[in-house]
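Q: Knowing the structure of chain A, use the given hints to seat chain B on it.
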Amino acid sequence: MIVELGHYALILALVLTLLQSVVPIWGARIGDQRLMETAAPLSLMQFLLVGLSFAILMHGYLVSDFSIKNVYENSHTDKPLIFKISGTWGNHEGSMLMWIVILSFFGALVAAFGRYLPLKLKANVLGVQGWIGVAFLMFLIFTSNPFERLSPAPAEGQDLNPLLQDIGLAIHPPLLYLGYVGFSITFSFAIAALLEGKLDSAWARWVRPWALLAWMFLTIGISMGSYWAYYELGWGGWWFWDPVENASFMPWLAGTALLHSAIVVEKRNALRVWTVLLAILTFSLSLLGTFLVRSGVLTSVHSFATDPTRGIVILGILIIFIGGSLALFAWRSSSLTQGGLFAPVSREGALVLNNLFLSAATATVLIGTLYPLAYEAVTGAKISVGPPFFNLTMVPLTIPLLLAMPFGPFMTWKRGDLLGVMQRLLTALGLAIAAAFTVYVMTNDGPVLAPLGIAVGVWMIVGSISEILWRAKAFQTDFSETLRRLRHLPRASYGAALGHAGMGVTMLGAVAVTAYGTEVFEEIKPGQSIETAGYTMTFKAIRPERHANYVQDVGVFEVSYKGQVLDELTPAKRLYPARQFPTTESSIATYGFSQLYMSLGDVQKDGTAVVRAYWKPYVTLIWYGTILMFIGGALSLADRRLRIGVPKRGQANAASLQAAE
Amino acid sequence: MRFFIFLLMVFMLALPAKAVNPDEVLTDPVLEQRAREISTKLRCLVCQNQSIDDSDAQLAKDLRVLVRERLTAGDDDTAVVDFVVDRYGEYVLLKPRLGGHTLLLWSSPFVAFGFGLLALFFLRRRSDEDAAAAAQLSNEEEAALNQILNKRD
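As you go down the protein sequences, you meet chains A and B in turn.
According to this note's numbering, the first sequence is numbered sequentially starting from 1.
According to this note's numbering, the second sequence is numbered sequentially starting from 1.
To be clear, the hints were calculated from the coordinates, so they are not data collected in a lab.
Incorrect hints may have been included.
Claimed, not checked - BS3-like cross-link-like pairs, simulated, lysine-lysine; straight-line CA separation at most 25 Å:
(1) K61(B) x K525(A)
(2) K540(A) x K605(A)
(3) K382(A) x K41(B)
(4) K605(A) x K61(B)
What the hints assert, rightly or not - Pulled from the structure, derived: some chain A residues nowhere near chain B, Cβ distances all over 10 Å:
(5) I167
(6) G168
(7) T364
(8) Y375
(9) S384
(10) T393
(11) L402
(12) W413
(13) E523
(14) P526
(15) T538
(16) K562
(17) D567
Glycine is no exception: its CB is placed at the ideal position from the N, C-alpha and C atoms.
Isolated chain A, as found in the complex (with noise of 0.2 Å):
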């Protein structure tokens, strides 16, 4: 009965969202107040079906309830709660709730806290929030419906992929959503732009915030899933260039890109074309990547099924939203007007160059994904893009990027002073090099342009601090009007810094792991031992053990630096009886911010097992950098110009009827 209940739900919020996608357009069309004014309760109302019906299915879940098909395919009375939990949206019909969740979350947001939003422009935004809802609404429903029933239900479940029982299904793919359909709001308000033919700098004081939050979420997401692929591969690699991570990618970029002219927009109220097409290409780049992820034209651990009919449905929706978007955009766009001039040198034209670097690198990417599927469908044969292909292209367009990205900062609006920032970057670019020096002498091997990464890692974080302390006159004045100056800086530009700065230490990170990081292997027995980077790992025994859902070898391996034992390792071979599915379960201890990582291969008969150990040195930066502009940009929506800095049209118009009166 429950069960029907979130089915019922669903189609309810169907009809809702139907409405939602006709009535507010057209009451702005016509002018008409009351029908205009239905958008937001109906957003209200579809979230909160849409919630209650993943609610159920989550429910159904907690409870093992096989009669669902779906729970069944999925679920195991064995599993522990946390992926009785997350396994929810460990599967197509799952994960694709959660999408319509989240979508529907971001609605309602747009609906409950924008009550200063000019009526119009929030009537268009949620009415074509409603049109992506209707789309995977009607997606979900028809065609990967979650509360499809079996019976008689089995006695038992077929268990969720061994791969993805791990804390990280539980984190990751929230995050990530949060990011990917977050960007659905900034494409409603570039379409309702359009419709309504008016844009001006409010217009983009209300997108902003919400291509922050999108990318805050997209950035930490993106950032779990790749720790989740280092320890979970065995291996220790965190970024492949794989298909699907490109998929995630590729709006990280165009969204990188969409906030810094965002920016533009509103000081400046110029690049207001381009940002409107920077928000659909990058809400369309959202779509594409559910579409490669979900119709399983590439497959991987991220493609639960496939199903050539849901492939063609999700194609149809990409069409009709990209192209339609786009055709809108060609209509239309020449009814908002360019603005405010400016001269190349200038924090306008820091922030075109930033744009320009973003959207080469994003097209590169979109090239190199899409190239194989096209070549195959056009001539029949294979190729393959791999990491190499975007290793050797990403570099020359990223780094001139980081190189530049200390100056924008520094740069005043409309004509800036490029030499007098160099001045101000002295300090940054003395200590770059003094980095570089230190990291080429200290190492005897690595590659040669390791030290000039580290460089360009040291020159972004210094140069990010160097422009907080500029703005409060730093050794300028005297250390109480520094501190003055720093507590009444606005917390966007803090944000902006520790972004900045942020990325500058992921970059560290990975030059470091990349040009530094070692490897061993050996076939050792118990009571032998592998060395790395002056750590030892001595092989003490074999454990066998029995869980609940899974039995495995554990490693024990005892770490010791200097004929001190430091800690414990125990790497393992899983095995998960109910999908007969082995793992490889690695095991790191944290020294600082550098890492050992061991895995374990075969263990014979005689307990002799193939022990793989690397070090990875200040591995973690690469996380810890995306963590920083994380806070970065939370810092910057805290900023109170963007809580309370948007005028409040209804007192405005109060005063006017008054005045009236």
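A: For chain B alone, kept in the frame of chain A given last:
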């Protein structure tokens, strides 16, 4: 328990260990280093987008051994790669060769960047013209202005 251990053993034996195994490693460290570098550029054909250096599939192991055999036989890096491509096709290369069929791919960063630069150039020129046009008064505006000025006189 025994049954599970038995299953575990069966699977362990069926599954080769992760990536390069100690028994594959060449004694000459220089050759081995070259083998590793070549391996990262060759695709494991039965896996998802993994190089043979990272993959634990049997085919990847065979290819790794093949690469090392060719290197030991005295082939240079290009010859080894050609040897593999001749047998498995270009699909095996993670970095596709530059040619007519991949021109679009390899030129994409330059085209994207160049296109962006061109667009900036033209937009800038147009906005300069717009600005110039905005600085000039239209005939009507001029007439209106004259009228106002005349009134004041």
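Q: It remains to establish, for every hint, whether it holds in the given structure.
A: Right, here's what the structure says about each hint:
1. For the hint pairing K61(B) with K525(A), the CA-to-CA distance comes to about 23 Å; that is within 25 Å, so the pair holds.
2. Straight-line distance between C-alpha atoms of K540(A) and K605(A) comes to about 16 Å, which keeps the hinted pair within the 25 Å bound.
3. The straight-line distance between the Cα atoms of K382(A) and K41(B) is roughly 16 Å, inside the 25 Å bound, and the hint therefore holds.
4. A C-alpha spacing of about 22 Å is found between K605(A) and K61(B), which places the hinted pair at or below 25 Å, so the restraint holds.
5. Listed as outside the interface, I167(A) is consistent with that label: its C-beta sits roughly 22 Å from the nearest C-beta of chain B, beyond the 10 Å cut-off.
6. The non-interface label for G168(A) is consistent with chain B: the shortest C-beta to C-beta separation is roughly 18 Å, beyond 10 Å.
7. With a minimum CB-CB distance of about 5 Å to chain B, T364(A) fails to clear the 10 Å threshold, and the non-interface call is violated.
8. With a minimum CB-CB distance of about 7 Å to chain B, Y375(A) fails to clear the 10 Å threshold, and the non-interface call is violated.
9. Under the 10 Å C-beta cut-off, the non-interface status given to S384(A) relative to chain B is violated; the minimum distance is some 5 Å.
10. In this structure T393(A) is not separated from chain B by more than 10 Å, as the shortest Cβ-Cβ distance comes to only about 5 Å.
11. For L402(A), the requirement that its beta carbon stay farther than 10 Å from each beta carbon of chain B is met, with the minimum near 16 Å.
12. The non-interface label for W413(A) is consistent with chain B: the shortest C-beta to C-beta separation is roughly 16 Å, beyond 10 Å.
13. The non-interface label for E523(A) is inconsistent with chain B: the shortest C-beta to C-beta separation is roughly 5 Å, within 10 Å.
14. Residue-level check passed: P526(A) sits 16 Å from the nearest beta carbon of chain B, beyond 10 Å.
15. With a least CB separation of 18 Å from chain B, T538(A) remains clear of the 10 Å interface cut-off, as annotated.
16. For K562(A), the condition that its CB be more than 10 Å from all CB atoms of chain B holds, with the nearest at approximately 26 Å.
17. With a least beta-carbon separation of about 22 Å from chain B, D567(A) lies farther than 10 Å from that chain, consistent with its non-interface assignment.
Violated hints for the displayed structure, listed by number in ascending order: 7, 8, 9, 10 and 13.
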